Each structure stands twice: as structure tokens, then as C-alpha cells.
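Undergrad: Those protein sequence lines, which keep their order, are chains F and V. 14 is the number of the first residue of the first sequence in our numbering; add one for each residue after it. 1423 is the number of the first residue of the second sequence in our numbering; add one for each residue after it.
Hints are not guaranteed to be accurate.
Stated by the list, open to error - On the chain F side, residues computed to face chain V include the following (Cβ under 7 Å): (1) M40; (2) I79; (3) F81; (4) L93; (5) N110; (6) E116; (7) E117; (8) Y118; (9) L120; (10) S122; (11) K146.
Hints were generated in silico from the structure; no laboratory data involved. Being a predicted model, the structure only gives us computed values, none of them experimental. We treat Cβ as the ideally placed atom computed from N, Cα and C, and that holds for glycine.
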Amino acid sequence: MSLIRKIPYGGKNVIVMFPKNERLARMLKQVLYEKVGETNDSMIFKGPLPLDIDADILRMGVRSFIRFCEKVHVDGGRKLRKGGHLFIEPYRTVKLNVRMSEEEYSLLSKVANMAGRKPTTLFRTFLLSALAKMEGV
Amino acid sequence: MLVIVPKCREVQRFLDCCCKKVGENNSYVIYESKYGLELDRTSLAMSASEFLSFCKKVKVEAGFKRIFDDRLIIDVARKKVLTVMLSKDEYALLAKNAKQFGVKPSARARQIVMNLVWEYLEREKFKEAMGKQSLQ
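In isolation and in its complexed conformation, chain V is listed as follows (with noise of 0.2 Å):
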């Protein structure tokens, strides 16, 4: 995802420790990153209709930008659609789970599973490391 931000030393300053700056002009910045961000408006030290014409400014390829909350929500596309069936129960769970935290079930579903994801590949990277380790 290609994320193209008008030049701001607060913004830079949190962008170029996630991602991977491709690319710049005299007004904007270009980013790249693989995963989605947040930009608050009161760490960015910014008015509200300051950071509401920032935002208008930003824009987004290959991912979509959204404004919540006084937040700046920043993702990747989604084009994959993964199809799991539950049981009537298994889905009142997560559906409970999902009110709590105020999301849908499906985005919930995908947070669950990418954080246990995440985990589990450093888990392995950790095994990895440890075995090679071991063997010196």
C-alpha cells in the first residue's frame, strides 16, 4: 500500500518508524507499507479542522483511509474473502466477543486469528533461533 502524506515534521517523524519512505516532492511524502495505521490527532498536535484538511490531503493506493473519531484510520485493501462455516453457537460466541470490543464478528474473527498468526510465527522464528543456537 502506497500512502502519499503532505509534508508534516509530526507526521514524518511517526510514519518514517513504520514505514518505508519511497519516495518525496516539495508538498508530499510517499510511504509504503504493508500494514494498516492510525494517526490521532491529538498526538499530532493538530486543530481540528487543521487535521480534517490533512486528512483531505492524504491519499491511499492499493488500501483505503477513513476518518474516526478524531483518527485517521489507514488500511490495506482487503480482496481475499475466506469462507469458515460455525455452528449457530460458535457464532453467538463471537458475536458476544465482538459487541464487547465493538467491532463486527468478522473483523473480530480476522484480529483473533492474525494476533494467534503473529504469535505463532514467532514462536517458530523463536524455536528456530534457539535450535541454531543449540547447535553451535
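Pulled out of the complex, with its shape left as it was, chain F reads as follows (with noise of 0.2 Å):
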């Protein structure tokens, strides 16, 4: 953890340190994750949006896959792993409040219901997803 405090550009961004992995380093890159240092062991990278790290994607059983997540460190957010999933965030830190119409709410919930979700977990879902797609990813 200390390795990835003395990072000159924290910035905003979520700062994570994972250990050497050559396949995991290409995907990456491919979410606007940029590499910002290394050691003999693991590499540090940065980026802006939340990652679901998947354990069949990195060829790994579970055992390995568990010792993988214990070696991750995440400055600027929190991780999460869940079966064979590995869910890095950065923090929410800022509010967004959304005005609506009682039909533009409605047709939400009924989405949000129809795909077994809160509406506001919705919106971010979406929100990302098309935030993200604008920018390339």
C-alpha cells in the first residue's frame, strides 16, 4: 500500500496495484486504465471507471484466483470480491441529484423492477455504461 501512496499523480483517479499479470495488463488498457509504475512483482495502474475483474477471463481457479485478490491493493476506492469475481470502485464522493417527472420515474421503476434492480442502482448502471461507450471503452 505504501508503494502506491508515493505515486506523484494520485490525482482522483483509483489507484490500484495488482500483482504481474500479462493478461490482465492488456484488458487494462482496453478500459482507459492507464500503467503508471511497476515493480519486480506487481504493476500499478490507474483509472477512472469500476472494474469486475473475472477469474474464468484470467484462466484461474479459485484458490489461485483468492490469493490473487488478497495480493490487489486499492488506493482511492474499495474492493470487493465476490465467487470468481473482483469488484474495484473508487469511492462515490459526489452527489448527483436528478429532477424527474412522475412518468420519466415511472417508466424507470419499471425497468428497474423488470431487470431486479433499484432504480437509482439503474441509472448509475446505465449512466456508466453509456458514459463509457461514448469514450471508447
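Got two chains here, separate frames each, mind docking them using the hints?
TA: What follows is the structure in C-alpha cells.
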């Protein structure tokens, strides 16, 4: 963790230290993450968007994936492992208030119900996926 | 939302296409609409002063009207407030995108999400229709 904090351009982005893995490095570069440093056994990336890292994509078994997750350190965000998925998310500190008409809200709620999610979660998911698409991810 | 407009052939032709007519008298026509409307001065073939006096006579119930850049924008009242937590970078991405379109981040967020909601519902309708067709 101390290594991560020494990086000069910490800025606003989430900074993640992963154990070295070429496959993961290639994938991270595709999702707006840039490499900001490396050591003998780890690589450090920074980026703006939440990550969902799948054990299957990394071709790891359960035990090796758990060991991999333990070695991941996140600065400016949090990590959470659920089964074969490692979620890395920047801290959410900005509140966005969106005013909607009754009609718009009922449509959003309808779609959220269909997807089995809360309206706010669906709103966030839709918004971030669209923004990522516009950024070319 | 109820929109009460002075009788005008051009305006009525436009509103008949996108709203439901619910009443009229000698000088006004009343329309009902669930969504926002935009009336452009040039497409109504009015002079600036005619357009301004027309806009002043328009009345909106359960909504609001605004004159902006030779356009009359009529929109539904937005009473629900949805609060979404974002990270600073996510907000920066949204703000950058909103700036490109010349709107506020919250307005841009609403546009983006509501477009996706519409697409999702249309896709579901299409899937349903295709399912019914294959069953037949």
C-alpha cells in the first residue's frame, strides 16, 4: 500500500496495485486504465471507471484467484470479491441530484423492476455504461 | 400536462400529431401531453413579435414553459428527485460530456438514461412480439 501512495500523480483516479499478469494488463489498457508504475512482482494502474475482474478471463482456479485478490491493493477506492469476480470501485463522494417527471420515474422504475434492481442502481449502471461507450471503451 | 394554446392553424397541425386534443373554445385549444414539446418560430412562420405574443398567451398546467432562442420549450413538471452517488472521475466524465452538449450534468444524465430506458422498453416489446410470432 505504501508503494501506491508514493506515486506522484495520484490525483482523483483510483490507483490499483495488481500482482504481475500480462493478460490483465492488456485488458486494463482497453478500459481507460493506464500503467503508472511497476515493481518486480507487481504493476500499478490508475483509471476512472469501476472494474469487474473475472477469474475465468484470467484463467485462474478458485484458490489462485483468492490469493490474487488478497495481493490486490486499492487506493482511492475499495475492492470486493464475490465468488469468481473481483469488483474494484472508486469511492463515491459526489452526489448527483436528478429531477424527473412522474412519467419518467415510473418508466425507470418499471425497467428497474424488470431487471431486478433499484431505480438508482439502474440509473447509475445505464449512465456509466453509456459514458464508457462514448469514451470508446 | 395540459397545454392551452391560442387557435393557430400551424400550431394545431403540429400539436395534433404529438398530443391529444382534450377540448377547445372560440379562442383556445387544450391539448394533453405526457412529454415535453418544442415549438420553433421559423417552422411556425411567425415574426418575432407575433411569436412572443403567441408564447405569452400559451398556458401550461402541471408543467412549465420557457422561451429560448426563438423556441418555445414546454416541459412536464419534474417533481421526483433521484439522488445518485458518483465517484469524482465518473462525475468528471459526465461533466465533460454535458459541456459538449451545452447542458448541465444532471440534465445530460437524465437525457442519457431516459434514452436507454426507452431503448430497453422498445427492445422488450420487440422480443415479446417476436416470441408471440414464433408461438403462432
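Undergrad: Compare the structure with the hints numbered earlier in the document and write down the numbers of the violated ones, lowest to highest.
TA: 1, 2, 3, 4, 10 and 11
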